[in-house]
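2 protein chains.
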Amino acid sequence: MERYYFDWAASSPISTEALQVYTETALQHIANPSSVHSPGRAAGAALSGIRSRFASLMGVPAQQLFFTSGGTEANALICNSFLMKKRPIHLVISGIEHPSIFAYIQRFKQLGHSVTILPAPGGRITPESVASALRPDTALVLIMSVNNVLGTIQPLEQISAVIRAYEQRHRCRIHLHADAVQAFGKIDRSHYLPHADSISVSAHKLQGPRGTGLLYSRKPFLTPSPGGGQESGMRPGTENLPAIAAFYQCSLRCHSNLEADLAHAQSMKDHLIMELASRPAIKVLTPPQEHASPYILGLSIPRIPSEVFMRVLDDRGVSISTGSACSSKNRKKAQRIFLQSGFDQRLCDGALRISFGPSVTADDIAMLSRSVIEESDRLLKEMG
Amino acid sequence: MERYYFDWAASSPISTEALQVYTETALQHIANPSSVHSPGRAAGAALSGIRSRFASLMGVPAQQLFFTSGGTEANALICNSFLMKKRPIHLVISGIEHPSIFAYIQRFKQLGHSVTILPAPGGRITPESVASALRPDTALVLIMSVNNVLGTIQPLEQISAVIRAYEQRHRCRIHLHADAVQAFGKIDRSHYLPHADSISVSAHKLQGPRGTGLLYSRKPFLTPSPGGGQESGMRPGTENLPAIAAFYQCSLRCHSNLEADLAHAQSMKDHLIMELASRPAIKVLTPPQEHASPYILGLSIPRIPSEVFMRVLDDRGVSISTGSACSSKNRKKAQRIFLQSGFDQRLCDGALRISFGPSVTADDIAMLSRSVIEESDRLLKEMG
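One line per chain: the protein sequences are A and B, in this order. Take the working numbering: the final residue in the first sequence is number 384, and no numbers are missing along the way. Take the working numbering: the final residue in the second sequence is number 1384, and no numbers are missing along the way.
For the record, the hints were derived by calculation from the structure and aren't laboratory data. Small disclaimer: the values here were computed from a predicted structure and weren't measured. Quick reminder that beta carbons are idealized off the backbone N, C-alpha and C, glycines included. Hints are not guaranteed to be accurate.
[To be verified] Sample of chain A residues at the chain B side, in silico, Cβ under 8 Å:
| # | residue |
| --- | --- |
| 1 | 10 |
| 2 | 11 |
| 3 | 31 |
| 4 | 59 |
| 5 | 61 |
| 6 | 62 |
| 7 | 64 |
| 8 | 76 |
| 9 | 100 |
| 10 | 104 |
| 11 | 212 |
| 12 | 228 |
| 13 | 232 |
| 14 | 240 |
Kindly generate the complete structure, drawing on both the sequences and the hints.
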């Protein structure tokens, strides 16, 4: 059976080019980039070159980039850094964060810090809700760029303006961290990069290798793990040079093709939405074009439980998801983002996520919409 | 110029087989192992299968294995877990630990915990020194299995016996963590595995990929980073399945060939030591066979500064090191392990590390000993 994979937001297939760069780099650089003999210095120079090119690509200083084992670790560096504050702090966190950030709420509370969770009507945090949540002791605001389940783009520019104004008024310092795992290389960086104090990125969402990602932070942070001094002392462990090289290759490709890929993906998504609109039982949850990534579509078939529909499509060779992979085994966790977005329980019960990459074709989309329509028609008819 | 690489303890060349397993797995499993659709479940089953086979290989329960981004992170999981204790604890740490553990001393002290650092005469911690360091509030003992610079095998069996006896006498609980990065797959596991409560392993020291490793812990620990629930909730982040599969492949190969590889490496090392013995100016620092890994040799040419000799050999295409890669850019840090082992400043100033893998040949060793002898003869003659 041919398989159609629409769960790129969970993980994307590694590209041939990325795998080739990985292999070449692994064979070329056998030494540790921290070693001082020639092979070590060559590996160190290669790493330093990639960091500089990454920095140019992003338009940020190279010394503000820290390679990690992935988006989760990049998020953890910032969360743990604030968790270590001795004085209790207040943090503001969107209710639709990825589990790698959302799971910290309990930890912050346990340590005596206070947390305000913001609802996200329709999948978007409003600048007004941020404004009313800020307090003089607010030290950290955690709001992702593109939501991983609905694809909604958060208004970080306006949110940042609210935060900066509050900082000036109250002479306090607030760190705005944006999880950019679903944004980097997928939407224009003007949506997130200039507004956040730090962002996290994951390679395997961009057809890069697993196990690598980065934190960009323009502000200093306290590393939770001291060690061998790698990554300017902020993230210890032998640098994963082959994966970092492949990560850069993917990032470069994504950024070089960004506009064309965006236009193509948007037309694919529009086409999908148009096809699904023929069935009133299928509700699109993701807001229109200007407020969402074209690569992710949240929808719901209220009368059909998500898990049932996901499995029915799976049996036809079509992979979609019910939420983030991290939360997909737990119904309550899987529904959290839909609930926090204000969708009613009926919509949440039938909520699904479709996500794809730039290589998606019109045939893929036709197959997907046909499958969704036929199977929902069939199931709804059976249910009477 | 042909290059001879004798810095395997810093990083080893990835094997063709490991790279092949990495590539095949990356192409075969495009889905996230946490996803519940068929490709996700297949990836999850693959991961679970590898974990079981790893556990069988080690003779431990699969649920006590946690894949990490490497040895450093495995060490950090244990260190951070104890760092988070609210009540001040006492810990005992060998003075010859790898920087990924040694760097925690300051952090522990900053948080009000107390630390006893054990010297290691000749590169070996004595059970007696552990016995006299233990206190009723001792919660953690950090002693590596094979030292990364001298290759010395620590007497973990006797150390563990001392700790267990103390625990019984004082009705306290002490966690013995052993960094097994230079031991796993290289010396018989009876040296470390039955004696430690937890061990850390790194793939890239075994000709596996960078960016993966594992923590085995028979005792529960508090994870520093909550997140998406991967690795039984102990280590969040999308699992690096291709790297983990390659890591297992290397581990299996190392364990299958352990005895033959050991015998070969020992004969290579013996041959090297014998050759170097022709020059009284060259001092072997690593103790004899039964107390050291055959893959690492610490030596010193007291009158020639380490960095100078390392560079001179490097110019001949021979890569050796002055200590761990993590500390090789800092003279004081590079010398720490030699100093803690009780070698005098003259020996420390000229200290070097040679390390290799099972594929080392008699020709490689001949080239190495010839280079060391010729260059030290020349330099010493020039110095008069």
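A quick look at each hint next to the structure:
The criterion of a C-beta within 8 Å of any C-beta in chain B is met by residue 10/A, whose closest approach is roughly 4 Å, and the hint holds. Checking residue 11/A against chain B by beta carbon gives a least distance of about 4 Å; that is within 8 Å, so the hint holds. Using the Cβ-Cβ criterion of 8 Å, the hint placing residue 31/A at the interface with chain B is satisfied: the shortest such distance is roughly 6 Å. Given the 8 Å rule on beta carbons, the hint for residue 59/A is violated: about 27 Å separates it from the nearest Cβ of chain B.
Residue-level restraint check for residue 61/A is violated (minimum Cβ-Cβ distance to chain B is 22 Å; threshold 8 Å). The beta carbon of residue 62/A comes no nearer than 18 Å to any beta carbon in chain B, farther than 8 Å, and the hint placing it at the interface is violated. The beta carbon of residue 64/A is not positioned within 8 Å of any beta carbon in chain B (closest approach about 21 Å), and the interface hint is therefore violated. Look at residue 76/A: its Cβ gets to within about 4 Å of chain B, closer than 8 Å, so that hint holds up.
The beta carbon of residue 100/A is positioned within 8 Å of a beta carbon in chain B (closest approach about 4 Å), and the interface hint is therefore held. The criterion of a C-beta within 8 Å of any C-beta in chain B is met by residue 104/A, whose closest approach is roughly 6 Å, and the hint holds. Look at residue 212/A: its Cβ gets to within about 7 Å of chain B, closer than 8 Å, so that hint holds up. The beta carbon of residue 228/A comes within 3 Å of a beta carbon in chain B, closer than 8 Å, and the hint placing it at the interface holds.
For residue 232/A, the interface hint is violated, since its Cβ never comes within 8 Å of a Cβ in chain B; the closest pair sits about 13 Å apart. Against a cut-off of 8 Å between C-beta atoms, the interface hint on residue 240/A holds, since the closest Cβ of chain B lies about 3 Å away.
Checked against the numbered hints listed earlier, the structure breaks hints 4, 5, 6, 7, 13; every other hint is satisfied.
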